[in-house]
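Enquirer: Turn these sequences into a full structure, and let the hints guide you.
Counting in our numbering, the first sequence runs from 1 upward without gaps.
These are computed hints drawn from the structure, not numbers from a lab.
Keep in mind that this is a model prediction, so the values were computed, not measured.
Treat each hint with caution, since some may be false.
Claimed, not checked - Ranges of calculated distance between the beta carbons of each label pair, as one might list FRET restraints: (1) 347 - 462: 48 to 56 Å; (2) 260 - 462: 50 to 58 Å; (3) 72 - 160: 44 to 52 Å; (4) 295 - 523: 41 to 49 Å.
Stated by the list, open to error - Listed below are the simulated DSSO-like cross-link pairs for lysine-lysine, each with C-alpha atoms no more than 30 Å apart in a straight line: (5) 83 - 108; (6) 109 - 412; (7) 108 - 459; (8) 44 - 401; (9) 53 - 83; (10) 401 - 344; (11) 108 - 62; (12) 44 - 731; (13) 174 - 109; (14) 412 - 459; (15) 731 - 699; (16) 108 - 184; (17) 170 - 109; (18) 64 - 108; (19) 547 - 329; (20) 459 - 109; (21) 109 - 44; (22) 344 - 64; (23) 62 - 44.
Virtual Cβ for every residue (Gly too), placed ideally from N, Cα, C.
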Amino acid sequence: MPLILEVALPVPLDAIFDYLPHPHTAHFRQALGCRVQVSFGQRKLIGVIVGHKQASDISPAKIKPIEHLLDLDPILDPGWLAKIRWCARYYHHPLGDTLFSCLPTLLKKGEPADALQDQIWFTTYLGQQIEAMPKTPAQWRLLQMLRQHPHGLEVSAISAQGFQSTQLHKLRDKGLIDYRQEPKLTAQVSGPLLAEAELVLTPEQTSAVQHIQQAQGFHVFLLEGVTGSGKTEVYLQALRPVLARGQQVLVLVPEISLTPQTLHRFRRRFACSLVALHSGLSERERLEAWLAAKRGAAAIVIGTRSAVFTPFANLGMVIIDEEQDASFKQMEGLRYHARDLALKYAQEAQVPVILGSATPSLESLRHALAQHYQHLQLTQRPQTNKPTPPPLQLLDIRSLKLQEGFSLPLLKRLDTHLQAGNQVLIFINRRGFAPALTCYTCGWLAECPQCDARMTWHKEPPRLHCHHCDTQQAVMLTCPHCQSEDLHPLGWGTQRSEAFLQQRYPEIPLVRLDRDAVSTHKRLQTSLQQIQQMQAGILLGTQMLAKGHHFPRVTLVAVLDADTGLYSSDFRALEHSGQLLTQVAGRAGRAHQAGEVILQTRHPDDTNLLELCQHGYSYFARRLLEEREQLSLPPYEYLAILHASGKTREQVHQVLTEMAAHLHPYIQATRGVEEADSLIQAQGLNAIGPFPAPMERRKNRYHMQFWLQAAQRAPLHETIAASLRYLRQHKQARTIRYAWDIDPWDTLG
DNA sequence: AGCACGCCGACT
DNA sequence: GTCGGCGTGCTC
Ligand SMILES: [Zn+2]
Ligand SMILES: [Zn+2]
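Expert: Quick look at the structure:
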């Protein structure tokens, strides 16, 4: 009986490839989930066996045999494989490429899937009984030490005591001691699970913990609580019984909050093994963590977006902190959303999920309001924490003179807070010195030669820098257009405000936090420590200030320009802007002192801004939901965006236009047309475009978009699949790059 | 994606 | 003459 193996390969082709079993390996039935080396065209590739069948659809002459079987035991179990299959289908991404983008790099390269082993030395029966024997004093001391460790001792601990491996082997030759091999990371921790006492909870926290602990099977909780309301303590107490049952917990956190402090919070509480998957890990450490989770040796796995692909032996709960955070959505390649995948996986594993947020996404809020999720709200802050955040005050700067972006009333408030020995936090949404460089004589603006964008002016090092393609130029001294020397910065960036504030407050320490200032993790940690030690001080920065870190001495929060995002073409801009402003505002206030939040604006009458300031995020978000429903936008309807780019605008336009025409039968019955003779028509599918993307030219490529909007998932996915079938057989489509973004986070792509 | 093959322009 | 540009075809 001819048996054909189906192999997934790391190629962007929507196909699985058939191979014959290894000539000398009879164990092919167990090979599902094992890696193989195969010849593919002219190259050698590592693949994964994802299935088998009796016969192939292609000519037997073309089928090659597998060259090597790399794993004796599968590295992927059928459950994990099923998840990857679902993910590939949902995001319309090739299975092979999906599977490989989820694996640790060392496994992709074909390294053995073996955990690092420890030698554990222990005394034999003879070694325990023996009383005295002529041997060197060192060997005697070594034997005595091992006798005190009935479960054995790692070789690293033994050599740390100054013993040599020859001494170990001498004793072993005498039959007094022996060793066994064990993976380095183990779950076994002796003693009680709780390593520290649990904090006293507020009534709201208590109720939240009880609800979560009582959950049976798949159940989603939206834990909504302002900054400092104690969400983390709820996570910790909710997951304790899960660990006590011997199950594992997955904790997903935004990129910026995976800090030593966050990890410490978990490590300090539980005497159990915890692995953190962060960008600082070496490939070996990443593989060790992955394997530890897979064999159940990691009780808690904390990680960022990609940690959602960690395999678990016995998953018991999933926690997603700051579930609205942008970093959970991958924006290139496999454009997955870690929160959405985690929800899907938890449903499969029948385990509860906690979505935590101070500013929930409209997606999650909608599910909570529709009772799909259980809404748990924390409105009080525990006494030890800051008081409830102060209201947001709008400061109308239309008629005010600005000094480097600061109005006089704002500067006066800065003076007051700094004189009182407090810290102030200033939020500016642009890094660099100024977002543009302009000529006062002729109006020329420094633009990127490769993009439809202005060059950002940086002072240190002095350079013009495009934030979209990384092009850098020296700062010119004369205008290239009119030779005038009248060149000036336009707008304010963090470096410009830094210079201004240092000059205005020379005595007061200032820390700038943005991508340029904290390019490494170390520098960020140093800056944060500096802030902890300051009395009066100025914190200045971008988004980074809004997330994660706590600044206990800040009493004034100022937003230099609250208007970005109010009039953006992106339909999610308002939601994100409201979340960001609320998060920044949450940094204000000390333990026994209410804070102050000031937003400079040129639109003090803007309804959205007023609602956010007067009624808070919860109310604001509910209003946005109503708007989205009226406009049939997510989360009420589903959206997918096809991003395409090419060397010329015409190329891209032509291919997309032809594709749109081809999709016409799927779409023709757009809203309002009464021709319900097919499922698609009955369910309404809207096509928009093709049209030039915002910032059409990027890195010298022309970008266009094509949108599909639908009330139901099924027809949307059917049409996307049809579009890909069409593009794959289209000759000229090969000259352009294209990719669908399912459930896009923003419309820029 | 990668890699080969094939067909034209412009160089040591 | 050949080096190298990229259009086209293919990968079990
Ligand atoms: Zn000029
Ligand atoms: Zn650019």
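Enquirer: Confirm or reject the claim that residue 347 and residue 462 have a C-beta distance inside 48 to 56 Å.
Expert: holds, 53 Å
Enquirer: For residue 72 and residue 160, compare the CB-CB distance with the range 44 to 52 Å and indicate the outcome.
Expert: Since residue 72 and residue 160 have Cβ atoms about 34 Å apart, the given range 44 to 52 Å is violated.
Enquirer: Between residue 44 and residue 731, is the straight-line Cα distance small enough, at 30 Å or below?
Expert: At roughly 27 Å apart (the allowed maximum being 30 Å), residue 731 and residue 44 satisfy the hint.
Enquirer: Is residue 53 close enough to residue 83, meaning Cα to Cα at most 30 Å?
Expert: holds, 21 Å
Enquirer: Taken at face value, is the distance from the CA of residue 344 to the CA of residue 401 at most 30 Å?
Expert: The given pair, whose Cα atoms are some 53 Å apart, is violated under the 30 Å limit.
Enquirer: Please work out if residue 344 and residue 64 have their alpha carbons no farther apart than 30 Å.
Expert: This hinted pair is violated, its Cα atoms lying about 37 Å apart.
Enquirer: Given a hint of 50 to 58 Å, does the C-beta separation of residue 260 and residue 462 actually sit inside it?
Expert: violated, 34 Å
Enquirer: Assess, step by step, whether the Cα of residue 108 is no farther than 30 Å from the Cα of residue 184, and give holds or violated.
Expert: holds, 22 Å
Enquirer: Given the hint that residue 109 pairs with residue 412, does the C-alpha gap stay at or below 30 Å?
Expert: With Cα atoms ~60 Å apart, residue 109 and residue 412 exceed 30 Å; violated.
Enquirer: Holds or violated: residue 170 with residue 109, Cα cutoff 30 Å?
Expert: Outside the cut-off at roughly 39 Å; violated.
Enquirer: Falls inside 41 to 49 Å, the C-beta gap from residue 295 to residue 523?
Expert: violated, 36 Å
Enquirer: Given the hint that residue 547 pairs with residue 329, test it: the Cα-Cα distance must not exceed 30 Å.
Expert: holds, 17 Å
When held up to the earlier numbered hints, the structure conflicts with 2, 3, 4, 6, 7, 8, 10, 13, 17, 20 and 22 and fits the remainder.
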